[in-house]
Amino acid sequence: MGTEQTAAASSLQNREEGVVAINAIAQADTFPKLLIHNAQTIAGRPAVRHKDLGIWQAWNWAQVLDEMRAFSIGLGELGLKRGDKFAVIGGNKPRLYWAMCAGQALGAIPVPIYADSVAEEMAYVLEHAEVTIAVVADQEQVDKILSIEDRLSVLSLIIYDEPRGLRDYDHSQLKSFRDVQEIGRHALADPKCLARWEQAISEGTGGDLAVILYTSGTTGRPKGVMLSHDNVMISARNGNLFDHLDQNEEIIAYLPIAWVGDHIFSYAQSFVAGFCVSCPETGETVVEDRREIGATYAFAPPRVYESLLTLTMVRMEDAGAFKRRMFHWFIDFARAWGEKILNKEPVPLAARLVYRLGDILVYGPLKNRYGFSRTRVAYTAGEAIGPEIFRYFRAIGVNLKQLYGQTEASVYITAQPDGEIYADTVGRPSPEVEIKISESGEVLFRSPGVFRGYYKDPEKTAEAMTPDGFVRTGDAGLFDPKTGHLKIIDRAKDVGRLNDGTLFAPKYLENKLKFYPNIKEAVAVGDHRDFVCVMLNIDLTAVGSWAERHNVVYGSYQELANHPLVYDMLEKHVDEVNRSLVAEGLMAGAQIKRFLVLHKELDADDGELTRTMKVRRSFIAERYAPLIRALYDGAQSSEISTEVTFEDGRKGTIAARVQIRDMKVQGTQAVDLGRAA
Amino acid sequence: MRGPHETSTGEILLSVENVSLSFGGLRAINDVSFDIRKGEIRAIIGPNGAGKTSMLNVINGFYHPQQGTITFRGHKRSKMRPYEAAQSGIARTFQNVALFKGMTSLDNIMTGRTNKMRCGFFWQLFRHGPALKEEVEHRRRVEEIIDFLQIQAIRKTPVGRLPYGLQKRVELARALAMEPDLLLLDEPMAGMNLEEKEDMSRFIIDVNNHYGTTIALIEHDMGVVMDLSDRVVVLEYGRKIADGTPDEVKSDQKVIDAYLGVPH
Chain A
1 MGTEQTAAAS
11 SLQNREEGVV
21 AINAIAQADT
31 FPKLLIHNAQ
41 TIAGRPAVRH
51 KDLGIWQAWN
61 WAQVLDEMRA
71 FSIGLGELGL
81 KRGDKFAVIG
91 GNKPRLYWAM
101 CAGQALGAIP
111 VPIYADSVAE
121 EMAYVLEHAE
131 VTIAVVADQE
141 QVDKILSIED
151 RLSVLSLIIY
161 DEPRGLRDYD
171 HSQLKSFRDV
181 QEIGRHALAD
191 PKCLARWEQA
201 ISEGTGGDLA
211 VILYTSGTTG
221 RPKGVMLSHD
231 NVMISARNGN
241 LFDHLDQNEE
251 IIAYLPIAWV
261 GDHIFSYAQS
271 FVAGFCVSCP
281 ETGETVVEDR
291 REIGATYAFA
301 PPRVYESLLT
311 LTMVRMEDAG
321 AFKRRMFHWF
331 IDFARAWGEK
341 ILNKEPVPLA
351 ARLVYRLGDI
361 LVYGPLKNRY
371 GFSRTRVAYT
381 AGEAIGPEIF
391 RYFRAIGVNL
401 KQLYGQTEAS
411 VYITAQPDGE
421 IYADTVGRPS
431 PEVEIKISES
441 GEVLFRSPGV
451 FRGYYKDPEK
461 TAEAMTPDGF
471 VRTGDAGLFD
481 PKTGHLKIID
491 RAKDVGRLND
501 GTLFAPKYLE
511 NKLKFYPNIK
521 EAVAVGDHRD
531 FVCVMLNIDL
541 TAVGSWAERH
551 NVVYGSYQEL
561 ANHPLVYDML
571 EKHVDEVNRS
581 LVAEGLMAGA
591 QIKRFLVLHK
601 ELDADDGELT
611 RTMKVRRSFI
621 AERYAPLIRA
631 LYDGAQSSEI
641 STEVTFEDGR
651 KGTIAARVQI
661 RDMKVQGTQA
671 VDLGRAA
Chain B
1 MRGPHETSTG
11 EILLSVENVS
21 LSFGGLRAIN
31 DVSFDIRKGE
41 IRAIIGPNGA
51 GKTSMLNVIN
61 GFYHPQQGTI
71 TFRGHKRSKM
81 RPYEAAQSGI
91 ARTFQNVALF
101 KGMTSLDNIM
111 TGRTNKMRCG
121 FFWQLFRHGP
131 ALKEEVEHRR
141 RVEEIIDFLQ
151 IQAIRKTPVG
161 RLPYGLQKRV
171 ELARALAMEP
181 DLLLLDEPMA
191 GMNLEEKEDM
201 SRFIIDVNNH
211 YGTTIALIEH
221 DMGVVMDLSD
231 RVVVLEYGRK
241 IADGTPDEVK
251 SDQKVIDAYL
261 GVPH
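For the protein sequence lines, the chains are A and B, in the order given. Last residue of the first sequence? That's 677 in my numbering, and every number before it is there in order. Last residue of the second sequence? That's 264 in my numbering, and every number before it is there in order.
I should point out that these hints are in silico values taken from the structure, not numbers from a laboratory. Small disclaimer: the values here were computed from a predicted structure and weren't measured. Using N, Cα and C, we set each Cβ at its ideal position, and we do this for glycine too. Any given hint could be a false lead.
[To be verified] A short, non-exhaustive set of chain B residues, derived as facing chain A with CB atoms under 7 Å:
#1 61
#2 143
#3 147
#4 152
#5 206
Please model the complete structure; the sequences and the hints are all you need to start from.
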């Protein structure tokens, strides 16, 4: 990769209506201004829905403005002012989204925090961001903050949405969302109050900070990514234009509000396009709720699609023989023709007719189950998706596309345009994004979405940015010469070499393994070693169902994971991966020599995964050092004892003896010959 | 060492006086007296066969004691039928889940509203006019309880397909749908794992706190009992051996002997 490849920024599509829409809201350069604009132009259209007590409750844009204004003025009365930071913690609830805008109206900066963070992690972010007010969903979050109260020097007030269980708490530093709105409505009785509030909004500009999003980070402490209103808004607008999203879209907000993806999709894009965001009843009812709403635009990390597919396959195993055969026949047929039909390629009439029949019998009902019946565009991002999973959804007619993004880019770096979909690339540069590949193979980008820096960390900011304004993604990638699309190989710092110099890209191997439904997580080791070993996590749903069908008795995850038959099954998967590595050639020398199945699931609560479920390599290497040692010293099994954190924060220990399997390496001869030559 | 009830001073909701119950020659309950105060969580504990469930069945009107009286809300009676107990505001859950397995969680919980239905069979048959209006109102109350116990995701799932912990929760929901003054819970946490127990404890406290429901519960898990309850009554072989706050009961020698055994 000696030469620098540069892809020109693709220009904005000059569609008439797009230009008109942009001009109309050009003045609205902050989100509060945009909300006022929406409340004037599309006042009666639904803005937010929330399923409560089994019924979808809706608010139109005018009502949202009214609710937001009352809360915003209430916050002002309670002392929140320009430049202050306030935390927003909880699930996808309308009031939490309103809280973000309400604070922005005063010039304060929202800091959304992952709702499932343990108190320890929360303490760091709250203190680092100098949060003065925390707006939280419920008692659970209030309890967490109260437990770390003594370490928070500037936090002075907690505002909660859901009052259950909080009645007997000391309310000197605690207020309900409604109380604050009440204070705001009371203050509004003074006519000057409204004018002052509107004045505060008009003082805001697009260059002001809109939000600080803490990235979970696979290494070290989380970093606070500062994004301006311009960053977020221009990215959202370009995203809307790219996929022709307008005010008629329906989406369901279910991703963590602290993730940049959710901030763009459920907040920014909705404000810019004017479409309605539906908040699910609970985290467990998302699929059912999406089905009821009929989402037209969907966004999810690969994990969500994986689990949908795994669940389908498991359920089909339990179905009657006729249904099962019908399912498999039509799915095989769809794999052959479905993508071509979706890509609008020429397809023989007979195939079209059979596909139509399949749509009535199989694909339609499946899409309905997933809540994808009306979905025009569905994205997967955050991690690489298995080609099998990706093709499955496209085959049954879901327009699933890949997107490559980062918090530092306000999401969009590349996306796949309709009709140019390849399972192994992440698409072309998004509108107004420039990409180049550095000497070392790292992907760099420059766009209007480029962040303003890490909060209180100029050193890290300088590390991440080049002098000419490009941002280092930390990902190794290349442009596919055939398609001109970007291909991501691995994290740049994770790409290593074996002792004999063979290229070793751990994620590449891990993704290949994770494409098997039985394997939930995989961690590959090999940098500066003689050969490659992997540690696996089984998927309890898939393997559990397999065990049931094969009369394998087990009492716990640990027992199942250590079962010899499970090892046999996984050995086949690892063997297939080795074969495919040989077939591809690039990493034939990095075949897996030994593997083991971990005695516990990797868990974010134990620090093994990030909150977005990415493997934290160095931490795992340290924690499971005895196992790794055993992998390389030839032992057949090893003792391991690990500390685990339960959901309530208590700690315990799990001890186990983990077996190790040796693998036969495929086609070594060819490799040896290659090395000799 | 038996503690007087100086810690709680609430109005007495139910009192059991000198109750004895025998089945043939077997004395299940022998001259037991205690009371339950309004708004408290009262635990009844004891080793296996101590007569805890029998006691609950007596309060609930399912068993009729040979001796003694029960006073509920100032109303004294020696015999009470279960439906009378239900009508007067006593709801209960069972040691072995007693739900309609083929019906959904929602329908099961709706059955808890039966006593509150005012429209006749005819109106309900056609689900029209006042019957519809009434059903909407009942459904709203039930949905509040579903929300309260966080079982939205299983609203439409047949109960038989649910794991045990959730079935217990649906049963609690059905009891709550009766809007009872006194809620009797028979081993609400039996057979649950740690996480389910914690959830259930939280819900019991929340029910007590939010709806102000008085709760009498039987439980084996000592940790749970000591954390949850305001006062504890201890039975052994049908007799009351201690009564007081968790701390008092914990340090009572008779209780320790009953649970750990006495060296002979």
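Tested hints:
Checking residue 61 (chain B) against chain A: minimum C-beta separation of about 32 Å lies over 7 Å; hint violated. Among the interface hints, the one on residue 143 (chain B) holds; its C-beta lies about 4 Å from the nearest C-beta in chain A, closer than the 7 Å criterion. Because the closest C-beta pair between residue 147 (chain B) and chain A is about 6 Å apart, less than 7 Å, the hint holds. For residue 152 (chain B), the shortest C-beta to C-beta distance to chain A is roughly 5 Å, which falls under 7 Å, so the interface hint holds.
For residue 206 (chain B), the suggested interface contact is upheld, since its CB lies about 5 Å from the closest CB of chain A, less than 7 Å.
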